[in-house]
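Q: Top to bottom, those sequences are chains A and B.
Position 406 of the first sequence, counted from 1, bears residue number 406 in my numbering, the numbering being contiguous throughout.
Position 318 of the second sequence, counted from 1, bears residue number 1318 in my numbering, the numbering being contiguous throughout.
For the record, the hints were derived by calculation from the structure and aren't laboratory data.
Just so you know, even glycine gets a beta-carbon here, dropped at the ideal spot from N, CA and C.
Hints are supplied without guarantee of correctness; some may be wrong.
Covered stretches of chain A, as calculated for chain B (at least 3 residues, CB under 8 Å) [unchecked claim]:
# : region
1 : 12-24
2 : 38-45
3 : 59-65
If we take Cβ atoms under 8 Å as the criterion, some of the chain A residues that face chain B in the derived model are [to be verified]:
#  : residue
4  : Ala29
5  : Ala31
6  : Ile32
7  : Leu35
8  : Tyr50
9  : Leu53
10 : Asn56
11 : Lys159
12 : Lys217
13 : Gly220
14 : Gln222
15 : Val223
16 : Val232
17 : Val238
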Amino acid sequence: MVETVDTYLDAASSDWYKQRLAIMLFCIAVAIIILFFRLLYLQVIEGEEYKRLSENNCIRIQSTPPPRGLIFDRNGELLVDNRPSFDLYITVKDAKPLARTLENLVRFLNVPMSELKAKIVNSGTRVYYKPILLKKDIGRDVLALVEAHKFDLPGVLVKVDPRRHYIYKQSAAHLIGYLGEINREELKLSYYKDIRPGELIGKFGIEKKYEVHLIGKRGGCQVEVNSMGQVVRLLKTVDAIPGHNLLLTIDHKLQKKAEELLANVSGAVVAMEPATGQILAMASSPSFDQNAFVNGMSYKEWDILKSNPFRPMENKVIQAEYPPASPYKIITAIAALEEGIIDQTNSLFCPGHYRFGNRNYRCWKRTGHGKVNVVSALEESCDVFFYYVSQRLGIDRISRYARACGLGTATGIALAHEAKGLVPTAEWKKRRHGIRWQKGETLSVGIGQGYNLVTPLQMVVFISAIANKGKRVVPLVVSHIETAQGNIVRKSAVKMNGSLPASPGTLAIIRKSLWKVVNSRRGTARNVRIKGIEFTGKTGTAQVFSHKGTNSDRKKTIEYHLKSHAWFVGYAPFHNPKIAVAVIVEHGGDDTNMASPIASKLAELYLKSDSHF
Amino acid sequence: MFDRRLIKYFDWGLLWLTIILGLVGIITLYSAISAGANNPHEMFHIKQLVWYGIGIVAMVACFLIDYKTIEQWSHVIYTGCISLLVLVLGYGKLVSGSRRWLGLGPVSIQPSEFIKIALIFVLARYYSRLVNTRGLTIRELITPIVLTAIPFGLIVRQPDLGTAMLLILIAGSMTVFVKIERRSLSYIVASCTVAIPLVWLLLKDYQKQRILTFLYPEREPLGAGYHIIQSKIAIGSGMISGKGFLKGTQNALSFLPEQHTDFIFSVLAEEWGLIGTTGLLFLFLMLTACGLSVAHGCRDPFGIILAVGVVSMISWQVIINISMVIGLMPVVGVPLPFISYGGSSVVSMMICIGLLMNISMRRFMIK
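Sequences and hints are given; from them, build the entire structure.
A: Structure (structure tokens):
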């Protein structure tokens, strides 16, 4: 404590401090006196006026919802907009007497009294000056009635809200998605911090994924109301800022065509520009009416949609997983050529079956293909040839190539719920099923059956890479985002995603084979060639149920849900490809392949319409 | 060791003022929450009483230990508070977009309330060794600037502009009190005049918008602007004698934002009128005078500067909070000392009182 002694003050510096302390006290006193005068002004001079304002509680905030961004197709055709909806609200504090006002409303609205009362109780608000929503979208006729009887309906107000409107019913419903009321869990997320209970947010597809862009910014006004709750003076206004508009990559005409071609079947179509990854059409069948979601759907309607066995609520392009079937042979062929197991000239005799272990593995052509090499094996989709090379390759090498071709991982499209598919390996089977890999299973995998699972989107990205000289792209659904005034906010750029594990020579062999599938005398898709356009691709039949025995008559009696799926993946034109397509028709593959005509017609429409050249 | 003069020089005036302010706070808080929100779970007035209990323990602890002993530890206290602020940035609870609270089991503390006191300590220690009638030079000001800038930066990151600004005001008041050399002062003023427009140019557009809205709440008539109008209606409608205890209508209809924390003064003004508001202002003026008289009686520089820091902290908060609810200043989250609900705020205020008592009790101790 010795050091404190020398810091003690002498008389002179003590006076210096005292002087400064006095100045400080003076400053604080002045500040407090200013506060006092301000309070005197507010509470005495303006007190009466504030008392009046407080008695009526008449300054309110009315909120103006922002119009949601519009959605266009690649050619600027409007797909989704907003229409005015007249929503009826009541301000309980102003609706005096409440009972009589509600009785009057019941007559106009055609809604039972109990429901109106429940709405008021359930609003959960204890703040009675806030308007409570009674009925959405009352329509122009009821609006006219309500306006005409304004004086019998104190505290009742009609607000015009923009309501989402999907112009083409059921079209691109899975891609665009729909809106729904925000739920409790979503309200807790900071992502939705500006959204209030009862408001609609994107729940699926583009509407969900691009919510931040589409939503815009809420505006509102400060108003003074009279004792009836009617606005007498507008004090201040903040304009709502509309959400950003989206230009999709899809072509509405092509989309429509794809949906027409899928009508009456369950399945999916996806078309893509191979060089850019822009999705030209994305259809999933059956579809649903998006407007029903916006207008509010009853539990019963929702139940019907959910329990439909054809799964209308699923975007089959990205969410459904199927065995890839014969298109997978392209991957097996790449692996075999790259690993040096075969070359273009090696040939093999197909007697119609392949003996492995103590089992006979059948070729789809019972009589056999005779002498085949890699090109004719793809052209005629010979199973035996690929049994042989798969056995030589082994499961691990095949799965490595499948992964490198983009299977088993998400493509990276900007949509939620994308499925990853499955690339089976020996290690995976051990882990998943606890059983050792059987060598015979390699044969099934090599021709695209067995445990293999892919989405149509993965297949279109894969076939695009073949068309694209091996370059894989990330699929895009939004080409650009702009403000309501038309200023570009973001423009999507082509995003590369590595290359196929194939040399230019291998790819040339594959492309030649795929060309033959459609255009040669013995090709499996010869029936869908397009006049004047070199269409290229691969058919496939994915087994849902494996037929044992040889009785071919049994096929005709198979129940619908056990029938095989039909695949087609392809692109056109052969030189300088402009469109790649993947089509799956569920249970449409047993008699004739129902997928290939859809792909062919779509490519033809796209390439023959003038707008693209 | 124990000296009877400690009791002789105990500052009873300060104690009485604190008790009265605490009671006014609890009563207003009770009114603020019971009239408006019918939410029985939010027993803020009971919780506040518990905080006052903790505050009294902290206060007693603060005047029992000789402040010169605390002086030796001031750097440790400062470093501890800074570490807590760093922790808040990493692990703090996210409440409406900012991280200010650190959860500790059932309670959460707001380290930014305590860094104010820690900063007062380190600055008082630093200045007490340099102070002279000529004033401080620029070179001597570098350390205080760094000491203030560290917590300032951390609090801005939370973000809590109100508290960050308060740190600068407290440090500034202490610095002006110990006097700055005239030439240094002109340098500081000149560099600020140059720096402010430069910083403005560097800011992003949305940051400029945010600052403008902060300065002119009328720019946001649906948010801060609306709150100010409602607060003014509440205060003005109290008139001279007020609407009476528990009779505030603005409060009852939940028109007031944050009625139990930052806007609690409006509740008091509505129910007790000009008589109540003037009374409260008078109490705060008395508290300031008491605090400064403690400094007046003290005879070592550290004690004087410490008392000045504490008084400036209390008075700045009073002035800023009241100015904000009566529409003289932008809305910043600064609580009203002793009245606003908030554990960390109550405890830190009680520590301040404890420190003033400490200095007062030991004014004649010479060894």
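Q: Indicate, hint by hint, whether the structure satisfies it.
A: These are the hints, each one checked on the structure:
no.	hint	verdict
1	12-24	holds (count 8)
2	38-45	holds (count 6)
3	59-65	holds (count 3)
4	Ala29	holds (6 Å)
5	Ala31	holds (5 Å)
6	Ile32	holds (5 Å)
7	Leu35	holds (5 Å)
8	Tyr50	holds (3 Å)
9	Leu53	holds (5 Å)
10	Asn56	violated (10 Å)
11	Lys159	violated (16 Å)
12	Lys217	violated (11 Å)
13	Gly220	holds (5 Å)
14	Gln222	holds (5 Å)
15	Val223	violated (10 Å)
16	Val232	violated (16 Å)
17	Val238	holds (6 Å)
Hint compliance for this structure: hints 10, 11, 12, 15 and 16 are not met, and every other hint is.
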